[in-house]
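As given, the protein sequences belong to chains A and B, one line each in that order.
Quick note on the UniProt record's numbering: the first sequence kicks off at 1 and runs consecutively.
Quick note on the UniProt record's numbering: the second sequence kicks off at 1 and runs consecutively.
A hint or two may mislead.
[Unchecked claim] Think about it this way: if two alpha-carbon atoms lie no more than 35 Å apart in a straight line, the pair counts; the simulated DSBU-like pairs of lysine-lysine are:
#1 B:K12 <-> A:K25
#2 A:K25 <-> B:K2
#3 A:K57 <-> B:K2
#4 A:K431 <-> B:K128
#5 B:K154 <-> A:K25
#6 A:K445 <-> B:K128
#7 A:K437 <-> B:K128
#8 A:K9 <-> B:K128
#9 A:K389 <-> A:K445
#10 A:K435 <-> B:K128
By construction, these hints were calculated from the structure, which means they are not laboratory data.
What you are looking at is a predicted structure, and each value in this text was computed from that prediction instead of being measured.
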Amino acid sequence: MTEFAYVGKRLTKPDIYGKVTGEAKYTDDMTVPSMVEGRILASPHAHARILRIDTSKAAALPGVLCVLTHKDCPDSRFSRSTMAEALPEFAFTGERQDQYILTDKARYVGDWIAAVAAEDIYTAEAALELIEVEYELLPMILDPHKALEPGAPSVHDDVAGNIAFEMDHPFNSGDVDRAFAEAEAVVEFTGVNSRQKHLHLETDIAIAYHESDGRLVIISPSQGPHLAKKHLTKRVFPDLSDGDIRWLSPTIGGGFGARLALGVEPVAVLLARACKRPVRVTTTREEDFSGYSSRTDQHQTIRVAANKDGKLLAIEQIIVADSGAYLSHSATTATVNMQKTLGVLKCDNIRGHLTVAYTNTPTTSGFRGYGNPEGAFVFQQALDRLAEKIGMDPMEFRLKNLKVPGDPSCFVPVPLEHTKLEECIHLAAEKIGYKDKWQGWGVAKPGRYKRGIGMSVLTHASGAGGFLLEHSSCVMKVLSDGALNLIVSPCEMGQGIIGALAQVAAESSGLRYEQIRVSTGDTDVTMFDIGSHASRSMLVIGNAVAAAGVKIKEQIRDRAVALFAEHQVRVTPDQIEVRAGRITSDAAPGVAFDVAQVAYAAIYDFGSGGSQLNASGSYLSTSHHPNHQAAFAEVEVDTETGLVTVLNYVSAHDIGRAINPLLVEAQMEGSLVQGIGFALTEDFVIDPDTGRVLSDSLLTYRLPTTMDVPDMAHLLVEDPLEAGPFGAKGCGEAGLVNPAPAIANAIYDAIGVRIHSLPMAADKVLWALRHGEGAAPGGSRVSGQYL
Amino acid sequence: MKQIGTFRVNGKHCDAIIEPHMLLVDVIRDHIGLTGTKRACASGNCGACTVLADDQPICSCLTLAVTAQDRALETVEGLRSADGTLHPLQQAFIDHCAAQCGYCTAGMLMTAKALLDANPRPSREDVKRALSGNICRCTGYVKILDAVMDAAQKINAAREVAA
Numbered sequence: 001m002t003e004f005a006y007v008g009k010r011l012t013k014p015d016i017y018g019k020v021t022g023e024a025k026y027t028d029d030m031t032v033p034s035m036v037e038g039r040i041l042a043s044p045h046a047h048a049r050i051l052r053i054d055t056s057k058a059a060a061l062p063g064v065l066c067v068l069t070h071k072d073c074p075d076s077r078f079s080r081s082t083m084a085e086a087l088p089e090f091a092f093t094g095e096r097q098d099q100y101i102l103t104d105k106a107r108y109v110g111d112w113i114a115a116v117a118a119e120d121i122y123t124a125e126a127a128l129e130l131i132e133v134e135y136e137l138l139p140m141i142l143d144p145h146k147a148l149e150p151g152a153p154s155v156h157d158d159v160a161g162n163i164a165f166e167m168d169h170p171f172n173s174g175d176v177d178r179a180f181a182e183a184e185a186v187v188e189f190t191g192v193n194s195r196q197k198h199l200h201l202e203t204d205i206a207i208a209y210h211e212s213d214g215r216l217v218i219i220s221p222s223q224g225p226h227l228a229k230k231h232l233t234k235r236v237f238p239d240l241s242d243g244d245i246r247w248l249s250p251t252i253g254g255g256f257g258a259r260l261a262l263g264v265e266p267v268a269v270l271l272a273r274a275c276k277r278p279v280r281v282t283t284t285r286e287e288d289f290s291g292y293s294s295r296t297d298q299h300q301t302i303r304v305a306a307n308k309d310g311k312l313l314a315i316e317q318i319i320v321a322d323s324g325a326y327l328s329h330s331a332t333t334a335t336v337n338m339q340k341t342l343g344v345l346k347c348d349n350i351r352g353h354l355t356v357a358y359t360n361t362p363t364t365s366g367f368r369g370y371g372n373p374e375g376a377f378v379f380q381q382a383l384d385r386l387a388e389k390i391g392m393d394p395m396e397f398r399l400k401n402l403k404v405p406g407d408p409s410c411f412v413p414v415p416l417e418h419t420k421l422e423e424c425i426h427l428a429a430e431k432i433g434y435k436d437k438w439q440g441w442g443v444a445k446p447g448r449y450k451r452g453i454g455m456s457v458l459t460h461a462s463g464a465g466g467f468l469l470e471h472s473s474c475v476m477k478v479l480s481d482g483a484l485n486l487i488v489s490p491c492e493m494g495q496g497i498i499g500a501l502a503q504v505a506a507e508s509s510g511l512r513y514e515q516i517r518v519s520t521g522d523t524d525v526t527m528f529d530i531g532s533h534a535s536r537s538m539l540v541i542g543n544a545v546a547a548a549g550v551k552i553k554e555q556i557r558d559r560a561v562a563l564f565a566e567h568q569v570r571v572t573p574d575q576i577e578v579r580a581g582r583i584t585s586d587a588a589p590g591v592a593f594d595v596a597q598v599a600y601a602a603i604y605d606f607g608s609g610g611s612q613l614n615a616s617g618s619y620l621s622t623s624h625h626p627n628h629q630a631a632f633a634e635v636e637v638d639t640e641t642g643l644v645t646v647l648n649y650v651s652a653h654d655i656g657r658a659i660n661p662l663l664v665e666a667q668m669e670g671s672l673v674q675g676i677g678f679a680l681t682e683d684f685v686i687d688p689d690t691g692r693v694l695s696d697s698l699l700t701y702r703l704p705t706t707m708d709v710p711d712m713a714h715l716l717v718e719d720p721l722e723a724g725p726f727g728a729k730g731c732g733e734a735g736l737v738n739p740a741p742a743i744a745n746a747i748y749d750a751i752g753v754r755i756h757s758l759p760m761a762a763d764k765v766l767w768a769l770r771h772g773e774g775a776a777p778g779g780s781r782v783s784g785q786y787l
Numbered sequence: 001m002k003q004i005g006t007f008r009v010n011g012k013h014c015d016a017i018i019e020p021h022m023l024l025v026d027v028i029r030d031h032i033g034l035t036g037t038k039r040a041c042a043s044g045n046c047g048a049c050t051v052l053a054d055d056q057p058i059c060s061c062l063t064l065a066v067t068a069q070d071r072a073l074e075t076v077e078g079l080r081s082a083d084g085t086l087h088p089l090q091q092a093f094i095d096h097c098a099a100q101c102g103y104c105t106a107g108m109l110m111t112a113k114a115l116l117d118a119n120p121r122p123s124r125e126d127v128k129r130a131l132s133g134n135i136c137r138c139t140g141y142v143k144i145l146d147a148v149m150d151a152a153q154k155i156n157a158a159r160e161v162a163a
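Chain B on its own, in the form it takes in the complex (with noise of 0.2 Å):
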């Protein structure tokens, strides 16, 4: 049965007509168009499709489109500010290597965001734990906690100075 889904990602409106069966990746992707979000097991064990609803990291391969009405959510799209400048965690990933074959990169980022968000200052471990939801097959891990690390720190530095 089709219906129109009213959706609110990265901060804009779009409607698109939907399925109650249809999982959010599929829709944000084949409906909304916004393809950075990654399928890659479609059974919540990799990560890469992770996405943010209301600041949380959710798998959008294990949630129904209908559901994510309601909610504010963005996607890797949404990371660069509206004139262009990179989030400091892409710029991170950019400067350490910590991107590959780049299919899990999406993911990566959005749960290093709501790891960051919610912990300004995490330990290595932190962001070990916070990120070992995300597979990565390619890089090993280490740049990608490099960056992470690093874009804190940046983050910080420039909430200091503005403050």
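Okay, chain A solo, but in the shape it has when bound (with noise of 0.2 Å):
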């Protein structure tokens, strides 16, 4: 087996030196000479057309420079999802372009109405209460289902019963109807998730000036400057050329799907241009709240089917997803539900229906797992009730129905080339005893306090190839002191992408990870690349760093001959190893030299051969690569008061390789606390009367803080895979994607309650214990509805 040098070591990752003295630069940290305030105005209303508009008096504030209403905007509509970039033209219809950066119609409470440039912010607020709107209100829709009835408000005029996006499961398959008539047994599960918030702790922002060329500089927390860019250019100023802007994306303060959007840089924009000065944009935490990007949620009822055996037989899913007021991510989060949903058990009957509905509600986006958690949590609720209706234990039932290398993946119609999620199942069980734990189905616990196991398992890919346009390039170059600058666009948000992708480089170039300079965010620097999500950077980025690192490998084998001749030792390049910065031949024994040696002489080489030492490397996926999980979760619900409490965790990754253990386990704990907050406390609470978000705060949206934080487990399963660089896959994602249903399941082993909507609060959860599952189908919006 191969030694590796850095792959495998729980080494430091280096960006966290500058995030522990405070010297990390984030966009609030940066000021521009001469620059000014921008503020958004939002509407108050969840449904109202603008009959007038007065910005006069905020526009004479001494100290404002412009007021800007829908009337200073471009007449072209764009999407808060740049994927439409990522896409091949008309492959995909999910992409409508349906909103303005300022609009003359408000579709939801927090719609920007106009925006202020002034000299610092207390004027710019100053301003914006001065604004005066007239406006005529208009029947409001805040009900997915409502809102596709018959005579429902629309949303968009445009769109004909508020539907934004409707489609079937591409890959149906099988006879769907034949096989629920015939199966043995046959269970529906209906429930819905709520819309989690990003709740990245670094608000929305954006800089937006002009360079002495003229051309325009964005800085921005984006999670895809490239494709951002491409966006901003074709479809929301499309006066302006890709070439036109320059995007720096510095340390991002948290992202998790919601820098994939455009957030405020258009308005940072057109504020720039008007007022010819730079311009930062900043909102509140309310205004996140209050604003757009969360997860969508997604109403959906699942059919299972299966035989007295086990084997699974048929699968229909029907989702109606609530875009809100503008589609953005929804409609391909709730396509990728679909994919991943149906994709993660082996079976041959499969239907599904997505509608994605327009209302007046804050504008739904993509969030970690892009729609896997969505689904799952409906999903793995209804195999065990299944399970439970044959009278097999939920881990049988589940390994009888694995997939195996051949069979269609979750990205049908592309076979699934790997998985190793049968070994994960058994670790992970292993390790929390579900054996011992699991007593049967029905089994009543004595006592208040009652305890429950529960499972999930998960596929998730690494990229999206054959897709989106998965590629990704890198270029390297040598210093003379033997470090070695990558220059690459991955963003780093926290995850540890820069640390892995150093040490990719470093062990396919034989150079020090110490030595490693990371140059990304910026793209007038780093190759074209869409973006960091799909759990893609570390398989697509991580193979272009490792095709460059090779051709460096080699350009040092090459020159180090010389090096060797000259004592007196004649080898070929193929009989030079490189290593950790150190050049050494099995051919010479005890002569060594230093790659800084190598790289030095080629830059200062005042012959004619000289180039200091560099390469490219590019890597295009055609397929989607999954990794897969299984998770088990203990809880105790205590029956007085509802509450669940997560006592322990233990999960079992398929990663193929983890290129840093460190980093990996990191992912999965920040994960699963994520995803504990996602099943048990965080609610998107809009009230039901006026479209206003009720949970605009921290103290009123609970997130999990280290009470919270049960005893877990992270178990990677290694097996290299054969495509991944180092043979890893992707994992960033997917420990999101479990929690959620496993304690859902463990909750119903508990006290034998089926909880049909997120979250599962203590209010929630003692409402379906005195008055049944049925009583309390939920929904996603109103909470406390159950006290």
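Two chains, two separate frames, one set of hints: put the complex together.
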């Protein structure tokens, strides 16, 4: 087995030093000379047409540079989602371009009406209050099911029936009706997830200014600046070209998918172009809540069928998703939900249909897992219900229906190449002691505090090859001291990708990890890349880095021949080894050089052959290389209060190979706690009378704290994926998929009641205990309705 | 009404032109130029803006700058010793990978420092309770708790050697 110098080691990530010293610079830490402050006026109404808007008083306030409204916006429509630019033209119609920067018709409480630039933030905020708007109130629609009913108020005048998007599962297969008719057991489960907020601690922000050559610079925490730049020039400001913009994405204060959609960047550009000054647009935490971007709530009914031996015969999934006022990522997340949910287990008869409805609520978006956690919450409970009906252990039931390589993968019709899900299930079950803890279906637990155990399995992609424009490139140059400048474009939002890629670069080039200097986040410097999402960076960008590293190593070997010759040793390049910055050869024991010698000589060569060591690498992914995970949760339910406590959680992850196990573990721990919040407390509450977001602070929207961390273990099943860089698969999103369904199944095991909506908060659990689950099917919108 | 405010931050005196309504977090960041302290919720619910005032952790987003003039303020920039050596907490955060996006990190470090200064041998439960007002959305807290426990142990070991 190959012994790696860096791959597989628990190394410190290079960007962490600046984060513990306070030196790391986020967008809000940056200033540009003569910069002014921008703020946005939001609509107080869920649905209203602007009859009259008077900005004269605001504009007359000393210190105000400009006040803009819909009249000052380009006449082209765009989507907050930039994904349209990564999809083949017309390949997917779920990328409706449906909004303007500032609107003349408010479609949710928080929709953007006007923007102000002023010398300081206090003046900008004072100016917002001086803008006079006269609205004509329109009937609003807040519920996606009601929005689809005939005669419902129209959110968009040009969209009939509020249907933002509709499609059948693209890979519908088999004879579903016949399978249901002939099956020995059929069950149905209906459920809905809540609109989990990303809650990146750094709120939305952007700086825009013109450089001396007239080009526009944007600084913002974008997860995909290249794609955002393309989108901004193609859709938002069509008078600009791709080359007119330089986008800088500095240290990012959390992303989780939120930065995949455009935030306030279009407003910053609009203001900077109008007032000819650098403009910083900031948002408050309350605006972040009521503005836009959360997980899409997907109302689902899933029907599954099996024979008495536990073979899964058919799956049918009906999704009604709520996009909110604009489409953004809601259609694509619903599609991914279908792919991942219906694709995790082997089943010959599959049917799915999804409808995305417009409502007068904040726009929803993509969030870590991108549809997969939404689907898993319902599907994994449906599977348990089916296992119960045929009297089979839920783990055995899943094991019976696992896919093997060659089966259609979750991204059918591509065949599955690699899976270690079976090993994951056994490993995690063993670790948590499943055999002793699961006592069978319907076993009543004594006492007030009841314990239960539940499980869930998942498949998730490493990139979306075959679907998105899935390629990436990097450039490397070796500096005179043997350090390697890796120029590459993943966005570091904390996930540790910069460090992991540095490990890949060091391993493949033979240079020292400590000397890898990563340059990223500048579209003028880095090569095109569609951004950090879809758990793609490790596999797609990692392969590009590995390919470039191999070329650097070849160059070092070629040049090192002369070094050995100086010591009267004749070796060929293939007899030379380069590892951790040292050059050696088995043909010459005792002779060794530092890579710095070659690198220095290459640059400071006054002869004819001088050139710095450099290489580029590219990778195009045509498949999605799924990773897999099994997870078990053990919970305790207080039957007097309904409070659910997660006691223990074990996951086992089919990761191919962990480039840095410390970083993978960190990803799994973070996503688990985020998943516990999704499962138990995080409730996005919209007032049914006004459409206002009621949970608009960290006091009313409850995130997990240090007090909510259970015992946990995250086990890695390493079996290198042939297509992965050193065998690695992606992993960033997977940890958030299993917590909610595993906890839901554990709650059922504890108290014999299923919870149909997220979060499974104490009031809801208590209500279900007292009134039966049928009495509380739940909606994702109104909290406290069960008290 | 503008006035000159005099502050003592990380042992140094700094003057800044302030107004009565200004928050300490904004003065520290925008006027004194120490941007390590972050502003994330501006309502005292997340702890990202935590600084120490006379050794006590406070939310600088809930503190009017004018009221902080007579107090000894400490921010994340003051944690390192004068020769640049990292504070054991900072080193432990690096060793345990206890910072991901890093936006909460300054607040976490300052709260943890106040805890260890007051209680040099905390139990894991003590650390959990002390940090429960500091929200982190990335790490799942496990590595943060590990780091604080590790730092406490190293500070105590160093103290014993010195004694």
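Restraint check for K389 of chain A with K445 of chain A, where alpha carbons must lie at most 35 Å apart: 20 Å, holds
Pairwise hint evaluation, K25 of chain A against K154 of chain B, where the allowed Cα distance is 35 Å at most: 29 Å, holds
Hint consistency between K25 of chain A and K2 of chain B [alpha-carbon to alpha-carbon, up to 35 Å]: Distance ~29 Å between K25 of chain A and K2 of chain B Cα, so the pair holds.
Pair hint outcome, K445 of chain A versus K128 of chain B [Cα-Cα no greater than 35 Å]: 31 Å, holds
Restraint check for K9 of chain A with K128 of chain B, where alpha carbons must lie at most 35 Å apart: At roughly 29 Å apart (the allowed maximum being 35 Å), K128 of chain B and K9 of chain A satisfy the hint.
Satisfaction of hint between K128 of chain B and K435 of chain A, Cα-Cα up to 35 Å: Status holds; Cα separation ~32 Å.
Given hint K128 of chain B paired with K431 of chain A - CA-CA distance at most 35 Å: 25 Å, holds
Proposed proximity, K25 of chain A with K12 of chain B (alpha carbon, max 35 Å): The given pair, whose Cα atoms are some 23 Å apart, holds under the 35 Å limit.
Proposed proximity, K128 of chain B with K437 of chain A (alpha carbon, max 35 Å): Given that 35 Å is the threshold and the Cα spacing comes to 28 Å, the pair holds.
35 Å Cα cutoff - pair K57 of chain A, K2 of chain B: 25 Å, holds
Hint check: no violations occur; every hint is consistent with the structure.
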